[in-house]
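Working from the sequences, and respecting the hints, build out all of it.
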Amino acid sequence: MEFQDFSLSVKDIKVGEFAEGLAQGKIRATQCEQCGTIYYPPRHDCPHCFTDKMRWIELEGEGRLISYTTIYVPPEHFTTDFSKQAPFARFSYHPAPVGIIELENGARVLGWIVGVKPKELQVGMQLQPEPQVLPDGKVTIMLTPGD
Amino acid sequence: MRKVAIVGIGHSKFGRRSDASLRELAFEAVKASLADADVALKDVESMVVSVASDEFSFSLQPSAQIVDYLNFNPKPSFRVEGACASGSMAVRTGWMTVASGLADLVLVVGAEKMTEISTPIATEIMGKGGDSIWEYPFGLTFPGYYALIARAHMARYGTTEEQLAQVAVKNHHYGMLNPYAHMHKEITVDEALNSFMVADPLKLYDCCLISDGAAAVLLASERLAKKISDKPVWIAGLGLGTDTLSMTGRRDLTTLSGAVVAAGQAYKMAGVKPKEIDVAVVHDCFTIAEIVAYEDLGFCKQGEGGKLIEEKRTYIGGDIPVNVDGGLKSKGHPIGATGVSMAVEITKQLRGEAEPGRQVPHAGIGLSHNVGGNGQHVAVHIYRRED
Numbered sequence: 001m002e003f004q005d006f007s008l009s010v011k012d013i014k015v016g017e018f019a020e021g022l023a024q025g026k027i028r029a030t031q032c033e034q035c036g037t038i039y040y041p042p043r044h045d046c047p048h049c050f051t052d053k054m055r056w057i058e059l060e061g062e063g064r065l066i067s068y069t070t071i072y073v074p075p076e077h078f079t080t081d082f083s084k085q086a087p088f089a090r091f092s093y094h095p096a097p098v099g100i101i102e103l104e105n106g107a108r109v110l111g112w113i114v115g116v117k118p119k120e121l122q123v124g125m126q127l128q129p130e131p132q133v134l135p136d137g138k139v140t141i142m143l144t145p146g147d
Numbered sequence: 001m002r003k004v005a006i007v008g009i010g011h012s013k014f015g016r017r018s019d020a021s022l023r024e025l026a027f028e029a030v031k032a033s034l035a036d037a038d039v040a041l042k043d044v045e046s047m048v049v050s051v052a053s054d055e056f057s058f059s060l061q062p063s064a065q066i067v068d069y070l071n072f073n074p075k076p077s078f079r080v081e082g083a084c085a086s087g088s089m090a091v092r093t094g095w096m097t098v099a100s101g102l103a104d105l106v107l108v109v110g111a112e113k114m115t116e117i118s119t120p121i122a123t124e125i126m127g128k129g130g131d132s133i134w135e136y137p138f139g140l141t142f143p144g145y146y147a148l149i150a151r152a153h154m155a156r157y158g159t160t161e162e163q164l165a166q167v168a169v170k171n172h173h174y175g176m177l178n179p180y181a182h183m184h185k186e187i188t189v190d191e192a193l194n195s196f197m198v199a200d201p202l203k204l205y206d207c208c209l210i211s212d213g214a215a216a217v218l219l220a221s222e223r224l225a226k227k228i229s230d231k232p233v234w235i236a237g238l239g240l241g242t243d244t245l246s247m248t249g250r251r252d253l254t255t256l257s258g259a260v261v262a263a264g265q266a267y268k269m270a271g272v273k274p275k276e277i278d279v280a281v282v283h284d285c286f287t288i289a290e291i292v293a294y295e296d297l298g299f300c301k302q303g304e305g306g307k308l309i310e311e312k313r314t315y316i317g318g319d320i321p322v323n324v325d326g327g328l329k330s331k332g333h334p335i336g337a338t339g340v341s342m343a344v345e346i347t348k349q350l351r352g353e354a355e356p357g358r359q360v361p362h363a364g365i366g367l368s369h370n371v372g373g374n375g376q377h378v379a380v381h382i383y384r385r386e387d
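Residue numbers (my numbering), protein chains in the order written: chain A, 1 to 147; chain B, 1 to 387.
If you're looking for bench data, these hints aren't it; they were derived computationally from the structure. Among the clues, some could well be false.
Here are the computed lysine to any residue pairs in the SDA-like style, where the Cα-Cα straight-line distance is at most 25 Å [stated by the list, open to error]:
1. B:Lys13 <-> B:Leu41
2. B:Lys307 <-> B:Glu161
3. A:Lys138 <-> B:Ser246
4. A:Lys14 <-> B:Thr248
5. B:Lys128 <-> A:Val139
6. B:Lys185 <-> B:Pro201
7. B:Lys128 <-> A:Tyr39
8. B:Lys301 <-> B:Lys231
9. B:Lys128 <-> A:Val133
10. B:Lys31 <-> B:Ala103
11. B:Lys128 <-> A:Val10
12. A:Lys11 <-> B:Thr244
13. A:Lys11 <-> A:Ile141
14. B:Lys227 <-> B:Gln61
15. A:Lys11 <-> B:Ser132
16. A:Lys119 <-> B:Ser195
17. B:Lys231 <-> B:Ser221
18. B:Lys128 <-> A:Ile13
19. B:Lys13 <-> B:Gln61
20. B:Lys128 <-> A:Arg43
21. A:Lys26 <-> B:Thr248
22. B:Lys128 <-> A:Lys119
23. A:Lys11 <-> B:Lys231
24. B:Lys301 <-> A:Gly124
25. A:Lys26 <-> A:Pro135
26. A:Lys138 <-> B:Pro120
Structure follows, in structure tokens:
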């Protein structure tokens with residue numbers, strides 16, 4: 001299985017514009033116009049000011065890897081249905097690692113780690129968050145070593 | 001507020017209980033608790049039920065099934081929920097009911113039946129226990145959330161996979177001695193380290209069991225407790241703390257801040273310090289969770305949890321015996337029952353009634369630490385033998 005099978009489905013919520021941003025190559029947070037707090041994942045409402053006066057800001061730059069894991073026992077709807085496979089078929093499962101990076105402004109971004117060998121992953125390394133539009137039109141976020 | 005004591009305890013066998021329904025499991029535990037207290041159900045004035053998940057029970061009102069089967073109607077009963085800490089929420093709610101004067105004798109029962117569905121479906125249900133919009137779509141599972149905690153703890157403090165395995169070895173050792181435990185199997189560090197990877201760095205033996213089971217406690221007011229019991233165990237302190245559902249919303253992945261808050265409240269209310277605790281049960285849903293609990297509860301300094309297990313200081317005979325009932329790891333984790341099972345275990349320990357080989361000598365003060373979700377709700381309770 002490849003990471004394309006997983007995607008964010010957030011179009012039908014108040015911060016659904018987030019998905020449009022990803023499709024345009026932008027990872028965006030919201031920022032409260034009153035207290036200035038930055039929210040990622042984006043929020044439509046500020047729980048400090050109880051206002052919905054929020055602006056979209058683009059998250060830029062690399063971030064420091066806070067933690068990561070590779071999940072070998074996936075949940076039901078991410079598994080391949082073994083029963084539909086031909087007899088003697090070989091099943092090979094190569095999950096992508098996931099991780100959390102912290103950007104300079106403090107926002108923490110979760111994403112699929114792509115382009116780094118699992119054995120080379122280290123807490124503290126720099127990774128670049130990148131939106132990705134999947135073949136089915138859904139969007140997701142990757143963390144890559146950058147240029 | 002009135003003082004509240006545990007005067008009766010009951011526990012079903014935990015395990016893959018394909019022989020019994022949810023209501024039948026709960027009945028086993030309730031029957032044992034009534035016999036233990038030598039009271040009749042007609043004397044119980046109010047009931048609190050903990051079943052954590054509608055998804056596992058395939059029903060919207062699993063608690064009503066339990067209440068009906070006991071023929072408890074029309075007396076007051078209701079269900080409380082706090083994910084895997086539901087059982088402790090029920091104990092807390094039962095305590096409130098007695099402490100407030102609403103009732104003198106309250107039955108608290110926790111039950112869960114989890115093994116009717118496949119592991120991938122159970123993994124999905126529990127994975128969605130995290131942030132189902134923003135984090136679950138990245139394939140995160142419950143082991144996945146705790147793997148992120150483990151990796152962060154290892155990177156900051158040098159905690160090792162061997163130390164994680166040592167937690168599993170200890171809990172399997174004590175689970176062998178607990179007749180109610182799901183699994184009776186000693187394991188070695190090598191077996192744990194060589195078991196298959198679930199969510200790197202957590203392997204099979206780092207993860208707790210998916211179990212069926214039930215537990216019950218009877219809570220009584222001081223006047224009634226002294227009348228009906230010659231060995232009441234007093235609830236001396238309660239704490240409850242919370243943290244974000246979202247893992248990206250937390251500033252520090254190496255601690256459960258809700259546990260630190262809950263422990264602070266419970267220690268203050270009971271007027272005791274961490275070093276005065278004689279025996280503890282902590283929420284070892286994963287081995288890393290036990291190490292983090294040592295630190296959050298003040299049994300050692302931040303970052304020294306790995307060393308605590310490595311030096312066997314949480315075995316009986318060490319500074320602070322932890323999970324000598326086998327823990328979630330080996331006793332099993334029927335999620336709604338777990339918090340109530342913790343209250344049963346501490347009561348047994350403080351009465352001096354734990355099975356041979358796993359009784360902490362002269363235990364006078366006990367503590368339970370029960371985590372809901374990946375740290376959303378943490379309940380810490382402190383119990384005393386002495387009045």
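Structure-based check of all given hints:
1. Of the supplied pair hints, the one linking B:Lys13 and B:Leu41 holds, its CA atoms being roughly 21 Å apart against a limit of 25 Å.
2. Taken as a hint, the B:Lys307 and B:Glu161 pair is honoured in the structure, with Cα atoms around 12 Å apart against an allowance of 25 Å.
3. The suggested pairing of A:Lys138 with B:Ser246 holds, with an alpha-carbon distance near 22 Å, which does not exceed 25 Å.
4. The straight-line distance between the Cα atoms of A:Lys14 and B:Thr248 is roughly 20 Å, inside the 25 Å bound, and the hint therefore holds.
5. At roughly 19 Å between alpha-carbon atoms, B:Lys128 and A:Val139 fall within 25 Å of each other, so this suggested pair holds.
6. For a cut-off of 25 Å, the pair hint linking B:Lys185 to B:Pro201 stands: about 22 Å separates their Cα positions.
7. Under the criterion of a C-alpha separation no larger than 25 Å, the hint pairing B:Lys128 with A:Tyr39 is consistent with the structure, at around 22 Å.
8. With a C-alpha separation of about 34 Å, the suggested pairing of B:Lys301 with B:Lys231 is violated against the 25 Å cut-off.
9. Between the alpha carbons of B:Lys128 and A:Val133 the distance comes to roughly 23 Å, so the proposed pair stays at or under 25 Å and holds.
10. Distance check on the hinted pair: B:Lys31 and B:Ala103 sit about 20 Å apart at the alpha-carbon level, within 25 Å; holds.
11. Proximity of B:Lys128 to A:Val10 is assessed by CA-CA distance (about 15 Å); at most 25 Å being required, the pair is judged to hold.
12. With a C-alpha separation of about 23 Å, the suggested pairing of A:Lys11 with B:Thr244 holds against the 25 Å cut-off.
13. Note on A:Lys11 and A:Ile141: the hinted pairing holds, with a Cα-Cα distance of about 15 Å set against a maximum of 25 Å.
14. With a C-alpha separation of about 35 Å, the suggested pairing of B:Lys227 with B:Gln61 is violated against the 25 Å cut-off.
15. A hinted pair counts as satisfied when its Cα atoms are at most 25 Å apart, and A:Lys11 with B:Ser132 qualifies at roughly 14 Å.
16. Restraint check for A:Lys119 and B:Ser195: the C-alpha separation of about 19 Å stays at or below 25 Å, so the hint holds.
17. Between the alpha carbons of B:Lys231 and B:Ser221 the distance comes to roughly 14 Å, so the proposed pair stays at or under 25 Å and holds.
18. Proximity of B:Lys128 to A:Ile13 is assessed by CA-CA distance (about 18 Å); at most 25 Å being required, the pair is judged to hold.
19. For the given pair, B:Lys13 sits about 23 Å from B:Gln61 by alpha-carbon distance, which is consistent with the 25 Å threshold.
20. Under the criterion of a C-alpha separation no larger than 25 Å, the hint pairing B:Lys128 with A:Arg43 is consistent with the structure, at around 20 Å.
21. The straight-line distance between the Cα atoms of A:Lys26 and B:Thr248 is roughly 19 Å, inside the 25 Å bound, and the hint therefore holds.
22. Restraint check: the Cα-Cα separation between B:Lys128 and A:Lys119 comes to about 28 Å, which exceeds 25 Å; the hinted pair is violated.
23. Note on A:Lys11 and B:Lys231: the hinted pairing is violated, with a Cα-Cα distance of about 59 Å set against a maximum of 25 Å.
24. Restraint check: the Cα-Cα separation between B:Lys301 and A:Gly124 comes to about 23 Å, which is no more than 25 Å; the hinted pair holds.
25. For the hint linking A:Lys26 to A:Pro135, the alpha-carbon distance of about 18 Å falls within 25 Å, and the restraint holds.
26. Straight-line distance between C-alpha atoms of A:Lys138 and B:Pro120 comes to about 24 Å, which keeps the hinted pair within the 25 Å bound.
Hint violations for this structure: numbers 8, 14, 22, 23, all remaining hints satisfied.
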